[in-house]
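So the protein lines, in turn, are chains C and R. According to our numbering, the stretch in the first sequence is residues 1 to 220, in order. According to our numbering, the stretch in the second sequence is residues 1 to 220, in order.
If you're looking for bench data, these hints aren't it; they were derived computationally from the structure. Be a bit skeptical, because a hint or two may be false.
When the alpha-carbon atoms are kept at most 27 Å apart in a straight line, the in silico DSS-like pairs for lysine-lysine are as follows [unchecked claim]:
no.: 1; chain 1: C; residue 1: LYS105; chain 2: R; residue 2: LYS170
no.: 2; chain 1: R; residue 1: LYS143; chain 2: C; residue 2: LYS182
no.: 3; chain 1: R; residue 1: LYS105; chain 2: C; residue 2: LYS54
no.: 4; chain 1: C; residue 1: LYS64; chain 2: R; residue 2: LYS143
no.: 5; chain 1: R; residue 1: LYS42; chain 2: C; residue 2: LYS55
no.: 6; chain 1: R; residue 1: LYS54; chain 2: C; residue 2: LYS64
no.: 7; chain 1: C; residue 1: LYS54; chain 2: R; residue 2: LYS42
no.: 8; chain 1: C; residue 1: LYS105; chain 2: R; residue 2: LYS143
no.: 9; chain 1: C; residue 1: LYS106; chain 2: R; residue 2: LYS143
no.: 10; chain 1: R; residue 1: LYS143; chain 2: C; residue 2: LYS126
no.: 11; chain 1: R; residue 1: LYS105; chain 2: C; residue 2: LYS42
no.: 12; chain 1: R; residue 1: LYS55; chain 2: C; residue 2: LYS105
no.: 13; chain 1: C; residue 1: LYS205; chain 2: C; residue 2: LYS105
no.: 14; chain 1: C; residue 1: LYS64; chain 2: R; residue 2: LYS105
no.: 15; chain 1: R; residue 1: LYS143; chain 2: C; residue 2: LYS42
no.: 16; chain 1: C; residue 1: LYS42; chain 2: C; residue 2: LYS215
no.: 17; chain 1: R; residue 1: LYS134; chain 2: C; residue 2: LYS134
no.: 18; chain 1: R; residue 1: LYS134; chain 2: C; residue 2: LYS143
no.: 19; chain 1: C; residue 1: LYS126; chain 2: R; residue 2: LYS54
no.: 20; chain 1: R; residue 1: LYS143; chain 2: C; residue 2: LYS134
A short, non-exhaustive set of chain C residues, derived as facing chain R with CB atoms under 10 Å [unchecked claim]:
no.: 21; residue: PHE39
no.: 22; residue: GLY41
no.: 23; residue: SER43
no.: 24; residue: ASN48
no.: 25; residue: ILE52
no.: 26; residue: HIS61
no.: 27; residue: VAL71
no.: 28; residue: ASN74
no.: 29; residue: TYR91
no.: 30; residue: ALA139
no.: 31; residue: TYR145
Listing some non-contacts, in silico: residues in chain R with all C-beta distances to chain C over 12 Å [stated by the list, open to error]:
no.: 32; residue: ASN25
no.: 33; residue: GLY40
no.: 34; residue: GLY41
no.: 35; residue: LEU66
no.: 36; residue: GLU68
no.: 37; residue: TYR102
no.: 38; residue: LYS105
no.: 39; residue: PRO122
no.: 40; residue: LEU140
Backbone N, C-alpha and C define an ideal beta-carbon position, used for all residues, glycine too.
Number of protein chains: 2
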Amino acid sequence: MSKADLVILDCWVSPFCMRVKIALNEKGLQYEARPEDLFGGKSELLLNSNPIYKKVPVFLHDGKPLCESTVIVNYIDETWSSPPLLPPCSYGRAQAHFWADYIDKKLFDACGNIWRSKGEVPVEAKTEFISILKQLEGALGDKDYFNGATFGFVDIIAIALTSWFFAVEKIGGFTVADECPKFSSWMKRCLKRESVAKVIPDPEKVYEFVLMFRKMLGID
Amino acid sequence: MSKADLVILDCWVSPFCMRVKIALNEKGLQYEARPEDLFGGKSELLLNSNPIYKKVPVFLHDGKPLCESTVIVNYIDETWSSPPLLPPCSYGRAQAHFWADYIDKKLFDACGNIWRSKGEVPVEAKTEFISILKQLEGALGDKDYFNGATFGFVDIIAIALTSWFFAVEKIGGFTVADECPKFSSWMKRCLKRESVAKVIPDPEKVYEFVLMFRKMLGID
């Protein structure tokens with residue numbers, strides 16, 4: 001397969017783009033990550049490929065567009081079966097889909113409620129964020145990864161969002177390592193994987209981006 | 001398979017419960033719909049089976065709990081393959097998942113912004129609701145159902161939510177038939193199916209429930 005067959009319309013700081021890139025790395029697939037200028041003007045290809053949301057990531061497989069990161073990662077797993085990211089049984093897959101959905105519904109907004117806050121971060125925002133991580137610690141249990149012994153679907157969905165945690169910690173005045181040591185250990189375990197490490201940006205750079213973004217949004 | 005193997009912790013007026021029941025009907029499966037008293041006190045089984053959200057539907061397959069209606073309908077399709085609800089190819093499945101996700105993210109809240117409104121319904125709430133249906137009309141195109149010629153996954157996810165449309169129309173002062181005739185035709189087509197017709201409640205009863213619920217919430 002030539003490299004040009006798989007294209008991501010990408011943004012380096014988007015956790016949703018990171019998910020797609022990690023999934024492709026896990027499958028050992030070559031792809032072209034084509035950066036989009038989200039502030040300067042989105043490409044025609046992006047606008048035409050994702051007319052509903054007009055957002056990255058868009059994944060183009062032989063020119064056919066797919067949108068929404070969780071849908072894309074599921075598609076990648078169904079299309080290139082080895083190594084599998086989802087469990088082999090339908091019950092295990094349903095549990096993985098449940099937790100991916102939980103993360104999508106809860107964690108991104110909870111991060112935003114901290115880094116987007118004007119003035120001191122409300123206690124409720126921190127409590128909510130920590131309580132979500134505690135629920136995820138419950139789902140992890142004593143396993144190395146969400147599916148069990150091997151890195152998979154839910155790990156990809158979650159680890160990408162942790163790329164903003166350093167910024168969330170700096171702005172929120174707490175550390176995940178102190179509040180949720182088990183989740184923090186899982187994060188370190190995932191970040192050691194080459195598929196993840198080469199996608200997740202330097203936390204300091206994400207923090208700088210968040211500070212710049214806060215200025216753009218008129219928060220600071 | 002005995003009837004007791006498949007149990008739904010159910011509420012007659014919940015569109016999310018309706019999705020699960022329609023999917024089981026499509027598969028020709030016998031199940032027990034066990035009503036939950038959501039206002040009087042939820043059962044221990046519900047609280048233990050869905051500790052994260054504590055909501056119906058819970059689907060119990062041989063006692064094993066599954067939560068979140070879209071996850072459950074996907075599980076039902078993976079577990080009982082005939083007749084299929086999702087398309088055979090991974091690209092078709094990804095498109096179905098994309099639209100199911102769109103409906104989950106947009107349509108329920110858009111309904112709520114109308115029926116929950118205090119005083120006159122804001123024009124923006126109506127416009128947003130209609131614009132979502134227009135997007136869905138675009139996805140339908142000239143097809144009978146979202147997947148094409150046969151009733152399937154996205155139809156189930158969407159048709160269940162339309163059970164509240166009569167109430168939304170009465171409170172909002174408009175009709176879907178006037179605003180979105182193509183969507184309205186699709187609704188009528190789906191409602192003719194036995195799997196759907198025996199699950200979707202009388203619109204007048206849903207409307208009465210919504211009026212009662214508005215009083216409970218202190219809106220009226």
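To see whether the hints hold, each was checked on the structure:
no.: 1; hint: LYS105/C x LYS170/R; result: 31 Å, violated
no.: 2; hint: LYS143/R x LYS182/C; result: 50 Å, violated
no.: 3; hint: LYS105/R x LYS54/C; result: 16 Å, holds
no.: 4; hint: LYS64/C x LYS143/R; result: 20 Å, holds
no.: 5; hint: LYS42/R x LYS55/C; result: 40 Å, violated
no.: 6; hint: LYS54/R x LYS64/C; result: 39 Å, violated
no.: 7; hint: LYS54/C x LYS42/R; result: 41 Å, violated
no.: 8; hint: LYS105/C x LYS143/R; result: 31 Å, violated
no.: 9; hint: LYS106/C x LYS143/R; result: 35 Å, violated
no.: 10; hint: LYS143/R x LYS126/C; result: 47 Å, violated
no.: 11; hint: LYS105/R x LYS42/C; result: 23 Å, holds
no.: 12; hint: LYS55/R x LYS105/C; result: 15 Å, holds
no.: 13; hint: LYS205/C x LYS105/C; result: 26 Å, holds
no.: 14; hint: LYS64/C x LYS105/R; result: 24 Å, holds
no.: 15; hint: LYS143/R x LYS42/C; result: 31 Å, violated
no.: 16; hint: LYS42/C x LYS215/C; result: 21 Å, holds
no.: 17; hint: LYS134/R x LYS134/C; result: 40 Å, violated
no.: 18; hint: LYS134/R x LYS143/C; result: 45 Å, violated
no.: 19; hint: LYS126/C x LYS54/R; result: 23 Å, holds
no.: 20; hint: LYS143/R x LYS134/C; result: 45 Å, violated
no.: 21; hint: PHE39; result: 24 Å, violated
no.: 22; hint: GLY41; result: 24 Å, violated
no.: 23; hint: SER43; result: 20 Å, violated
no.: 24; hint: ASN48; result: 14 Å, violated
no.: 25; hint: ILE52; result: 6 Å, holds
no.: 26; hint: HIS61; result: 8 Å, holds
no.: 27; hint: VAL71; result: 5 Å, holds
no.: 28; hint: ASN74; result: 7 Å, holds
no.: 29; hint: TYR91; result: 6 Å, holds
no.: 30; hint: ALA139; result: 9 Å, holds
no.: 31; hint: TYR145; result: 19 Å, violated
no.: 32; hint: ASN25; result: 19 Å, holds
no.: 33; hint: GLY40; result: 27 Å, holds
no.: 34; hint: GLY41; result: 24 Å, holds
no.: 35; hint: LEU66; result: 5 Å, violated
no.: 36; hint: GLU68; result: 6 Å, violated
no.: 37; hint: TYR102; result: 7 Å, violated
no.: 38; hint: LYS105; result: 9 Å, violated
no.: 39; hint: PRO122; result: 23 Å, holds
no.: 40; hint: LEU140; result: 14 Å, holds
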